[in-house]
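> Can you make the complete structure from the sequences, with help from the hints?
So in this note's numbering, spot 81 of the sequence shown is number 81, and the numbers just go up one at a time.
Derived by calculation from the structure, the hints in this document are not laboratory data.
Below, computed lysine to aspartate or glutamate pairings styled on DMTMM-like, alpha-carbon distance capped at 20 Å:
1) K58 to E130
2) K3 to E29
3) K160 to D150
4) K160 to E130
5) K3 to E55
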Amino acid sequence: MMKQEILHLATTQMKEGGYDALNFRTISEELGVTKANIHHHFQNKETLANEVVREYSKQTMDAFRSIAEECDGDLKVFLRREESFFWEMSEEAGHCGVCVCEQIIRVPHSPDSLLQTAQEYSALFLDVLESVVSRAAERGLLRPGVNPQDCAFQLAMMMKGLVSMAQGYPSVPEAREALSGKLLSWADRISL
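Below, the structure is given as structure tokens:
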């Protein structure tokens with residue numbers, strides 16, 4: 001149980017401030033344990049951060065894949081559900097900085113192992129998007145001439161851009177009001 005509590009607090013810290021925000025002292029104070037208790041489970045800050053990224057990425061990727069499978073290539077349904085998932089996560093967290101990988105990539109001195117894990121997640125993310133767009137093309141839901149790989153790459157950039165832009169708003173409701181539906185309007189231009 002202690003390991004999961006440590007991971008939960010570490011995840012919160014990293015969502016809010018990336019690798020630099022990860023702090024054993026703060027976690028030990030919040031849990032009422034010594035730093036040695038934390039070191040029993042995690043050798044150092046990098047080990048803990050890697051575990052956070054792996055766990056968080058697995059959870060979000062599982063949800064992402066589930067949404068992709070449920071939509072069966074209907075890009076508009078996929079984007080509505082994915083956007084809803086993002087806003088729900090943001091509201092639960094109380095801020096839009098919910099993407100751990102984005103936080104890691106932004107820190108110039110993140111350990112190479114963390115950057116590699118974040119890059120692996122980004123590749124999986126793109127693979128899922130490619131599968132959704134390819135399925136949409138197979139079902140005849142895209143305009144003629146739309147290249148599924150290019151479309152998936154554009155969508156990945158826009159989704160990551162949405163996450164970044166959302167972080168610039170003072171609150172989740174303000175971000176949601178300003179940014180909701182933007183991805184869907186893009187999908188309208190390439191869909192039949």
